[in-house]
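Participant: Each chain, letter by letter, is given below.
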Amino acid sequence: MKLRLANPGHVIDINPIEPELNYIRQEGNEIRIGALTRHVNMLESDLLARTFPDIFREAEAVLADPVVRNRGTMGGSLCQSDPAEDLSGVVVALKGKAVLRGPGGAERVVEMDEFHIGPYMTAVGPTEMLIEVRFPIHPGFGGAHEKVERRAGDFAIVAASAALSIQGGTIQTAGVACSAVGPTTMHIKRAEEALVGKAPSEELFQQAGQMASADCSPNSDGRGPADYKRAVAGVLTQRALSRAAATALR
Amino acid sequence: MATVETGPGRHPEWYAHATGDKFGKIADAPIGFGHMKRKEDARFIRGLGDYMDDVRLPGMLHGAILRSPYAHARINSIDTSAALAHPKVAAVIIAKDLETLGLAWMPTISYDTQAVLAGDKVRFHLQEVAFVIATDAYAAQDALQLIDVDYDVLPAIVNCRKALDPDAPLIRDDKVGQTDNLASPLWEAGDKANCDRVFAEADVVAKRTILDPRSHPCPMETCGMVADMNPATGQLNIYNGNQAPHAHRTVYAQVAGLPEQNIRILCNDIGGGFGNKVPVYPGYVCAIAGSIVAGAPVKWIEDRSENLASTGFARDYLMYSEMCSKGGKITGLRVDTIADHGAFDSTAQATKFPAGFFHIVTGSYDLQGAHCQVKAVYTNKAPGGVAYRCSFRITEAVYLVERMVDALAMEMNVDPVELRMRSFIRSDQFPYETQTGWVYDSGDYHKAMKLAMEIADYEGLRKEQQEKLARGEMMGIGIAFFTEGVGAGPRRHMDILGLAMNDGAELRVHPSGKAVVSLSAQTQGQGHETTFAQIVAEELGISPNEIMVRHGDTDKTPYGLGTYGSRSTPVSGGAVAVVSRKVRDKARQFAALMLETRAEDLAWEKGRWYVKGDPERGSTIESIAEYAYSASNLPEGLEGGLDANAVYDPPNLTYPFGAYIAVVDVDPGTGKVHMRRFIAVDDCGVRINPMVVEGQIHGGLVEGIGQALMEIISFDEQGNCLNASFMDYLLPTALECPEHGFELGETVTPCPHHPIGAKGVGESPCVGSPPAIANAVVDAMYHAKGVKHMDMPCFPARVWAAMNGREQPPQ
Ligand SMILES: Cc1cc2nc3c(=O)[nH]c(=O)nc-3n(C[C@H](O)[C@H](O)[C@H](O)COP(=O)(O)OP(=O)(O)OC[C@H]3O[C@@H](n4cnc5c(N)ncnc54)[C@H](O)[C@@H]3O)c2cc1C
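Going down the list, the protein sequences come from chains R and B. Numbering-wise (my numbering), the first sequence opens with residue 6 and increments by one. Numbering-wise (my numbering), the second sequence opens with residue 2 and increments by one.
Pulled out of the complex, with its shape left as it was, chain R reads as follows (with noise of 0.2 Å):
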C-alpha cells in the first residue's frame, strides 16, 4: 500500500478481536493457535518449545526482527500467502490445519495442501476468515527449522522445516516442506513418505534431500538463480531432518 502497489478499498483492522485470537493452547491431542497471535508470542511460548522441540521456535528466532515479531501474526503469515515465508513451512511440516469462520459462524478445516492454492492466493473466501490453526501431538517428537538468508532479518533465499516423530527407534511421522523455493511453500511428500517406518539415518536423511532438491520448483531472482536454491533446498533438508532427529531421540 506504501509503495501504491496495492489500493483496496476498505481495510479492516481485526486487532480489537484480539483478545478472543491470541491464544496457544492445548486441547486434547492438538495445539491450538488463534489467528491473532503475535511472532514474539510464538517464540517465547514454553507450550510449543515443550510439545514441538524446537522448531517453533527455531523458525520464529530467525523470522523477521524484533519489530515485525512484535506485530505480525500467525494469521497473517498463512493468509499472506507468501512462498517465502518460514511460520508457513512450519505449519505445513506439522500437518496444521486451518480453521475458517464465515457468516453466521460457519466453520470448515483445511488441510495446508488445500490452504495455499498460489502465491498470494489462499483458499479463505471473500467473507471468511482464519481464526485459529490446529496441530496433532505426537509422542517422540523433534523438529528443526534451517533457513539460509542473505541478511538476519531478510526473507529467505531457501528454508527447510523439518517435523519427525521417532518411536522404538522407527520414524513414526515425517513433516518436510520448503520455502522460497516455488510457488507456495512446497510441500516435499515424496520425502515423507521415504522417512516414515525407517530408522533415522545420515543416508536416509541425505536421500529425504535429494527428494526435496528434485521436487521443488525454484525460480531465478536476486536471492539466487535456481540451480542454487535447488541444491541449497537439498542441503538444508538433509540438515534439519538430522537435527531434527537428534531432538527426538534426546
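Simulated crosslink set (EDC-like; lysine to aspartate or glutamate; CA at most 20 Å straight-line):
{"id": "1", "chain 1": "R", "residue 1": "K7", "chain 2": "B", "residue 2": "D137"}
{"id": "2", "chain 1": "B", "residue 1": "K448", "chain 2": "B", "residue 2": "D429"}
{"id": "3", "chain 1": "R", "residue 1": "K7", "chain 2": "B", "residue 2": "D54"}
{"id": "4", "chain 1": "B", "residue 1": "K176", "chain 2": "B", "residue 2": "E100"}
{"id": "5", "chain 1": "R", "residue 1": "K7", "chain 2": "B", "residue 2": "D143"}
{"id": "6", "chain 1": "R", "residue 1": "K7", "chain 2": "B", "residue 2": "D304"}
{"id": "7", "chain 1": "R", "residue 1": "K102", "chain 2": "R", "residue 2": "E32"}
{"id": "8", "chain 1": "B", "residue 1": "K448", "chain 2": "B", "residue 2": "E744"}
{"id": "9", "chain 1": "B", "residue 1": "K330", "chain 2": "B", "residue 2": "E434"}
{"id": "10", "chain 1": "B", "residue 1": "K193", "chain 2": "B", "residue 2": "E323"}
{"id": "11", "chain 1": "R", "residue 1": "K100", "chain 2": "R", "residue 2": "D59"}
{"id": "12", "chain 1": "R", "residue 1": "K7", "chain 2": "B", "residue 2": "D729"}
{"id": "13", "chain 1": "B", "residue 1": "K789", "chain 2": "B", "residue 2": "E323"}
{"id": "14", "chain 1": "B", "residue 1": "K607", "chain 2": "B", "residue 2": "D29"}
{"id": "15", "chain 1": "B", "residue 1": "K464", "chain 2": "B", "residue 2": "E474"}
{"id": "16", "chain 1": "R", "residue 1": "K194", "chain 2": "R", "residue 2": "D118"}
{"id": "17", "chain 1": "B", "residue 1": "K208", "chain 2": "B", "residue 2": "D416"}
{"id": "18", "chain 1": "R", "residue 1": "K7", "chain 2": "B", "residue 2": "E303"}
Simulated from the structure, these hints should not be mistaken for lab results.
With chain R fixed as given, assemble chain B with the ligand onto it according to the hints.
Facilitator: Just chain B with the ligand now, kept in the frame of chain R:
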C-alpha cells in the same frame, strides 16, 4: 496549562532542555585531547535532533517528482493538464518551464551537464521528468499519476563493456560534438614505458579482472530541501542537509544567476552523508525553481527508493589489473579501468583529477614501476560516482591493490602477509614519492602489520584453518593494508569548480571566557561539535563544554569546502588550531598589559600566560578575555576583543594507514559467509578524541561488511534498477558483525605537517575492510577448492557459484 511556543518543526522538549545544562554538557570533559562522550549525542539519542523534514514554514508547499519508467526513451510529449486540474496542485514544472528560467540543465561537479528535468530524452530508469507542487505531500503524489508522458523506448546500455561498441546507441546526443559514449578523455598516471620494463623483467605476474561494484552510500536521512524565496526581498533561504554548504551557495548563485549575498544555506542536523550529500541534485533545483514560481516555500524530500535509484551511487569501476614481482618482492602494477559514470558525469573529485585519487593505487608498497589509466563511459544508469566514505576513488584503488597483492601471493605461493612485509615502504623512506607522484608524509607499516598479526594470532589462525580444512570446513583469513591520502587539499593542486580546497575558521572568545568556533566544515554525524571544541580546548585551555561549535549556516560561518574525503580534521582542524593560536597570541598582548611586562617575557601553559621565571604571576584565558572586552586604556595598535579568523591551506594531504585482518567461515553447503573476527589496527596520527575515532572505525567497518557481503545496485537488461528499496538493497546489521566485537589496535605516527599532527580517519575503516573481507572469502575458497577470485558482493548464491567454479561478475 500554558502551551510551549515552539519554532518550526521543533520538539517542545527541545526548548525545555535547551535553556538548562542538560544538553551537550559532559561531566568529565578533558581540557583538550582525550576520551570524551560526544556533546551532540545528548540530543540525538533523545530523538531531539532537528532534521530537514522537521522544517515547517508558514504557507509551505510540497513537491514530488515524476520519474521515468524507462532507462532510455525519447519523450514525445508531456501532458500535465489533468495534474494541474487537481484542486490541491499549485504548479507543475517540466523541462520547458525550466528552460525559460535557464535551469533545464545544470553543471555537475565534473564539468559535465545534467538534465534537471528530462525534456528531450530520459537517460536512466527513474530519471526526473516533472515536478509537482501541491498543498500537501499526499496530493503531490496523487497528482504525479495524472501526468501523461508519451515515450518512444530506445535500447539501453547497462554494461560498461558495451558502451563503446561502435553500434552502441548514443546516450548523450544533447552534447554538441559527442559521437560516442566516452564520458571524458583517457586519463593516465605513472610512467608507462618504465612500468612495461619492470613487467618485462618480472619473475611472476598475476592478472585479474576486478569489479568494484556499484553501491550506494545510503545515509539514514535521504536527500531533500526546503527552498524559501522571499518575493519581497529576493532573499533565498535554503534548508538542505549537505556536506559543503558554502560551495553549494556559490553553485546556486552561478546556476540560477542569483546574487550570492542573497542566498543563505541552513543545514540543521544531518542524518548521514557518506558522499551522497556532496552533489547538487535535480530535486534541489526543482525546489528552488518551484519556490520562485509558486512564491511560497517548497519542501521536497525524496523517499528511500528515490534516494537509492537516482542520487549519487559509488564505485562501479571495472579494473583489468596486473601485478608482478621480482626476487620475491612486488615490483610493478598496471591497471586499465573502465569507469561507469551513468548518464551524466557527476563524479565527485578535485577538478584536476578526473579519476579522483585513484592513482594512489600503488598502495603501501615500494614499487619500481606503475601505470594506471581510466576510461570513463556513459551508460543508461543513474549518475553519481560519489566518494562513498572515501577520498575520491581511494576505496577503489585500495580494493584493487590489496586484492592484487593476494592474487600475486597465490601465484608466488607465498603467505600474503609475508609478501606485504617484504614489499612495504620502510619507515626510513618517508617522505616517500610513489611511482604515480604522491608524496606520503609518514608511516611505519611494518609495525602496524605486526601489531595486527599479534592481536589476531595470525600463526594460530593459519593452523586452525588447516585443521578445519582437514575436516571439510572452510575458513578464510583476509589481509588488507591500506594507505589513504586524505584532506584535500593544497590550493596549488586542488580545487572543485575553481574553488580552492581550503577551509576557514572563526573563533570568538566571549568576555566570560567561553567561546564560539565557527567552521566551514559540515558535520553529518562525525562528532564535530565535540572534536573541534577539543582542539580549541587543547590550544587555549578552555573546557570543551564551554566551547560552542557552529556550522551549517552560510551567513554565520566562514567560507570553505566542507566535509568529505576525510578532510575535516586535516583541513578544518588545521584552521581551528591556527585560529586558536592566533587568539592565544592576541591574548598574550593583553596578558602583558595586565601583568605589566613585555609579551616576549611571557610563557604559555594550557589556559594561561605567565611571567617566565615567575610562574606565580600569570593571567588565565578567562581573565584575559574579560580584560580584552573591558580595558579602557588600550595602547595604539591593539584592538579590543578576543577573536580571530583563519583560512587553512594544507601543505600536503595526510596519509593515514592501517592493517586489517578479517576471519570468516564459509558454509560449503550454502555459500553463507560468517564474519567471525575483524582486527583493525589504525594509524591516524594524533587522536584528538580516541572515542570518536573508535566510533568512526566501528561504523566504517560495518559499512565495509555491507559492501563486501551484500550491497549492490544492479540492473536488468532493460536498465531497470533492481535495488530501489531496502528489501533489495541490503544494509548490514549488528548481527552481521563479529559477535565478540571488533578488535581494534592503534599505532601513532603524527602527521609531520599538520598543526596538531592529526590525519583523517573517518573513511579508513570503510576503505580498508572490503578488500580484507573479500580476500578472506577468496582465501577460504582457494584453500578448499583452488578458487582464485570472486567479485563482491559475496552473498551466499554468488559464493556458492564461485566455489563451484561458475562465478559470473555481477551485472
Ligand atoms: C521487514 C519484514 C521482514 C520480514 N521477514 C520475514 C521473514 O524473514 N520470514 C517470514 O516468514 N516472514 C517475514 N516477514 C513477513 C511477516 O511474517 C508477515 O508480514 C507477518 O507475519 C504478517 O502478519 P500480519 O499479522 O502483519 O498480517 P497482515 O500483513 O496484516 O496481513 C497479511 C494478509 O493476510 C490477511 N489476513 C491477516 N490475518 C488474517 C486472518 N485472520 N484471516 C484472513 N486473512 C487474514 C490480510 O488481509 C493480508 O492480506 C517479514 C515482514 C516484514 C515487514
